[in-house]
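S.K.: Chain by chain, the residues:
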Amino acid sequence: MRAVSQHKWWKALARDRFLYVLLAPVLVYLLIFKYLPIAGEMIAFKNYRLADGIFGSPWVGWAQFQKLFASQEFYTVLRNTIVLNMYQLVFVFPVPIVLAILLNEVRIEWYKRTLQNLLYIPHFISWVVLGSVVIALLSPSTGFVNFMLKAVGLDPVYFMASTTWWPVAFIASSIWKEAGFGTILYLAAMAGIDPTLYEAAKIDGARKLRQIWHVTLPGIRSTIAILLILQTGNMMDVGFEHIYALRNASVTSVSEVISTYVYTRGIVNLQYSYTAALGLFQSVVGLVLILSVNRLIKLLGERGLW
Amino acid sequence: MRPRGLARMPGIVNSVLLGLCAYVTLFPFVNIIMVSFSSSRAITSGEVFMWPVEFNLEAYMKLFKDGQLLIAMRNTIWITCIGVVFNIVMTIMAAYPLSKSRLRGRKPLSMIILFTMLFSGGMIPNFLVVNELGLVNTYWALWLPGLMSVYNMFVMKSFFESLPEELEESASIDGASSLTILWRIVLPLSKPVIAALTLFYAVGWWNSYMNVLIYIRSTDKLSLMVKLYQMIALVSPELLRGEGVSEVLITPEGIRAAAIVIAITPILCVYPFLQKHFIKGVLLGSIKG
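Order-wise, the sequence lines are chains A and B.
Under numbering that gives the first Met the number 0, the first sequence has 6 at position 7, and the numbering climbs by one with no breaks.
Under numbering that gives the first Met the number 0, the second sequence has 205 at position 206, and the numbering climbs by one with no breaks.
FYI, nobody ran anything at the bench for these hints, they're computed from the structure.
Check the hints yourself; a few may be wrong.
Said to hold, decoys possible - Derived BS3-like pairs (lysine-lysine); straight-line CA-CA distance at most 27 Å: (1) A:LYS10 / B:LYS99; (2) A:LYS7 / B:LYS275; (3) A:LYS111 / B:LYS279; (4) B:LYS190 / B:LYS275; (5) A:LYS207 / A:LYS111.
Said to hold, decoys possible - Stretch-level coverage of chain A by chain B, calculated; a stretch enters the list once three of its residues show a Cβ under 8 Å from a Cβ in chain B: (6) 6 to 17; (7) 29 to 36.
As the list claims (entries may be wrong) - What follows is a list of derived Cβ distance ranges for each label pair: (8) A:LYS297 / B:TRP139: 38 to 44 Å; (9) B:GLN274 / A:MET85: 42 to 48 Å; (10) A:TYR157 / B:CYS268: 32 to 38 Å; (11) B:GLU57 / A:LYS66: 51 to 57 Å; (12) A:ASP193 / B:LEU132: 50 to 56 Å; (13) B:GLU57 / A:ARG209: 54 to 60 Å; (14) B:LYS279 / A:ALA171: 50 to 56 Å; (15) A:ALA150 / B:TRP139: 17 to 23 Å; (16) B:LEU132 / A:MET85: 35 to 41 Å; (17) B:ARG7 / A:GLY191: 24 to 30 Å.
C-beta atoms are modelled at their ideal positions from N, C-alpha and C, and glycine is treated no differently.
Bound conformation, chain B alone:
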């Protein structure tokens, strides 16, 4: 038997090691936030680490005055809000019927939905369908193809299946209509799973840019992430070699950092309130998934 004090060493080393992991994970964000509040002189001479040097808000002032990023942010908020409402409604509409074991044709219907997870038309056929429907350069091109995530639908379905059957039975004996049962009994009980899926869908919309890149053409309709990407792509002089973009477009390091901070702030703000829900959501999905 080893002495008690020494036997605890591995545990302490482990805890310190993990703390270091967390630090390395978050340091880049902290550094970027500090850069956004520092003077350009301090940034280019490499003095900024964990605190702002020569604190100023110049980068933010410039961004707000320019206004393009704000328009993009407004677009993203709009895309996210409408998108999430569509997602949640559609996910419930699919998950609720499929959670009822008495539903005739449940097996083949589930298979039809599951198959789309295994095999899907690629980027080009999807684009052509949206294009032939005349949706390109409207937000419908984002919302309609992304109405529902099959994975999230199965998460919600397994949650509905876990609700006790008797609740709905007694309500229907009392003469409640199917819609009333869904609205008054099932959905209020499903708040945790709805919260988790709202978070997943909202983060998805907020962060998405491939679909905007493909489907949206007008500059004033672009989302925050695409705008940010354009700013960053046009910022780094080194990355522009041979791409024929003039130096005039180069945005200073500090402004780039401020734009990044603006883009992640909303997520960091809602994160602490929702973190206990998403873990539940992930685990729920893994039970049947």
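Just chain A, same shape as in the assembly:
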């Protein structure tokens, strides 16, 4: 029996050898650049020394984590990461849904398509550029926004250096970059809604708003669910490039997040093991989050990610 199945395997291998030859470099790539770094997380339990390498450095157990959890900075960075992500969830996540609903109501086809194409543009622009445009627009001396404030007789505000305004600029720039592009999936889901449902709603006397509430929103519920899972899975991770493009020395207390902290302490200040411990903490919590939200969404009767 066993011999037969082995024989089959060989036949399949021989028949599809071309496909396996194609796959081989991919597997080598994944092994070296994806799985080796995962194994490299072990340096969180070591005291990494350049000369000894990942595998040769001495083990120190949980020492790096004890140091991490004892430091005040860890809690600041963790808080900022979670707070900024919460803002994203509350203020940024719903925007594409609303925008998609509005776009879906536009009946003039060319106008709708033009709007969509214009709204997608920021998605393709780098955070460095968007960040510098935001900084330029909000500059207290030469920024457009402050010229407007001065024109109506208000004092100029130095937005980017204020710990109150900086998160607002962060959220607004998020909406600017991704709200338009985020509508693509929702609009596609809306296009798939059976038009007879709208007809039936109309016959029942439902006005536009009720139609949106009872037909459109249920029609895109599973798309919302899936994007919500992905968003929550990212709860421990605020985009490095986004923060890096907007941050400055005056607002570190609200802008320093896990990724920027790992970069400055690890890559710049060479504290590899300490920051690897923080990175591992981040990855594990992220994995647990995405698994549990996926579970929760399935319990609520939606299709999960897997």
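Given chain A, put chain B in place with the hints provided.
M.R.: Chain B only, in chain A's frame:
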């Protein structure tokens, strides 16, 4: 029943509102472009909105004469071109075999690839692996770790799966080799998805700067975005308080704007030609994703 004319009001309000959204989205870009063509006097007195004031090309002349931004741009073009070629080849090499349901071991292989999306070694272990391979400060440190995006690979795989099986079968009966089938039949049919992924990968490389920040050390090898970031970080006097950088480094507003315009022009130029492809690409990914 409400009168016909009034019943159309919400629709008109909606259209106007959305037009306003588009305007707000694009105004900052328009403003920056106009600033880049205006005199520094007009910029500092806040006269520039939707059109250039005291039109001049001085900012661009200075940038071209200085040349640093151009070197960075040349580097970015090089990084992008080679990077995209690697990406597309690698993505096809992974997606094509995995799209064949007859492939033995397809399930575990897909799982191995999918897992890297859920859990990955962080910034530091990645850096150490690249460092121990001796790739730091070469562009291989950018290209090799970024050979393939798993998400894009699944997009391409679902496209391959949507192609009719019979095409390949009849070709193989005619005696075509597997390579010929892939090259002559499958890939020509896959132009739309290849175009979409080329756009995604190219934009990714063009805009990327975290990896350059981490892996590239020599000033003459820096990419456009990192160079731009350095210029901007050194520009705003307000942002420099307490960072001990002298005022001499401060670049005028107009030059900063010109640098931004140079950095986004290529993307804005290719965008209109590729916009119908990327929507297809995004939707393709969402079917199975």
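S.K.: Now tell me, hint by hint, if it's right for this structure.
M.R.: Quick rundown of the hints versus the structure:
1. Taken as a hint, the LYS10 (chain A) and LYS99 (chain B) pair is honoured in the structure, with Cα atoms around 16 Å apart against an allowance of 27 Å.
2. For a cut-off of 27 Å, the pair hint linking LYS7 (chain A) to LYS275 (chain B) is broken: about 45 Å separates their Cα positions.
3. The suggested pairing of LYS111 (chain A) with LYS279 (chain B) holds, with an alpha-carbon distance near 17 Å, which does not exceed 27 Å.
4. Note on LYS190 (chain B) and LYS275 (chain B): the hinted pairing holds, with a Cα-Cα distance of about 13 Å set against a maximum of 27 Å.
5. Pair hint LYS207 (chain A) plus LYS111 (chain A) holds up; C-alpha atoms about 18 Å apart against a cutoff of 27 Å.
6. Counting residues of the region 6 to 17 of chain A whose CB lies closer than 8 Å to any CB of chain B gives 5, which reaches the minimum of 3, so the coverage claim holds.
7. A count of 7 residues in the region 29 to 36 of chain A with a Cβ less than 8 Å from any Cβ of chain B is obtained; the coverage claim is therefore met, three being the minimum.
8. At about 42 Å, the beta-carbon gap between LYS297 (chain A) and TRP139 (chain B) stays in the expected band of 38 to 44 Å.
9. Here the CB-CB span from GLN274 (chain B) to MET85 (chain A) is close to 33 Å, at odds with the stated 42 to 48 Å.
10. Between TYR157 (chain A) and CYS268 (chain B), the C-beta spacing of about 35 Å keeps the proposed range 32 to 38 Å intact.
11. Distance hint check for GLU57 (chain B) and LYS66 (chain A): the Cβ-Cβ separation is about 53 Å, which falls inside the suggested range of 51 to 57 Å.
12. With their beta carbons about 54 Å apart, ASP193 (chain A) and LEU132 (chain B) fall inside the hinted range of 50 to 56 Å.
13. For GLU57 (chain B) and ARG209 (chain A), the Cβ-Cβ distance of about 59 Å falls inside the hinted range of 54 to 60 Å, so the restraint holds.
14. The supplied range of 50 to 56 Å is broken by LYS279 (chain B) and ALA171 (chain A), whose beta-carbon atoms lie about 30 Å from each other.
15. Judged by the Cβ atoms, the range 17 to 23 Å given for ALA150 (chain A) and TRP139 (chain B) is violated: they are separated by roughly 53 Å.
16. Separated by about 39 Å at the C-beta atoms, LEU132 (chain B) and MET85 (chain A) satisfy the suggested range of 35 to 41 Å.
17. Between ARG7 (chain B) and GLY191 (chain A), the C-beta spacing of about 27 Å keeps the proposed range 24 to 30 Å intact.
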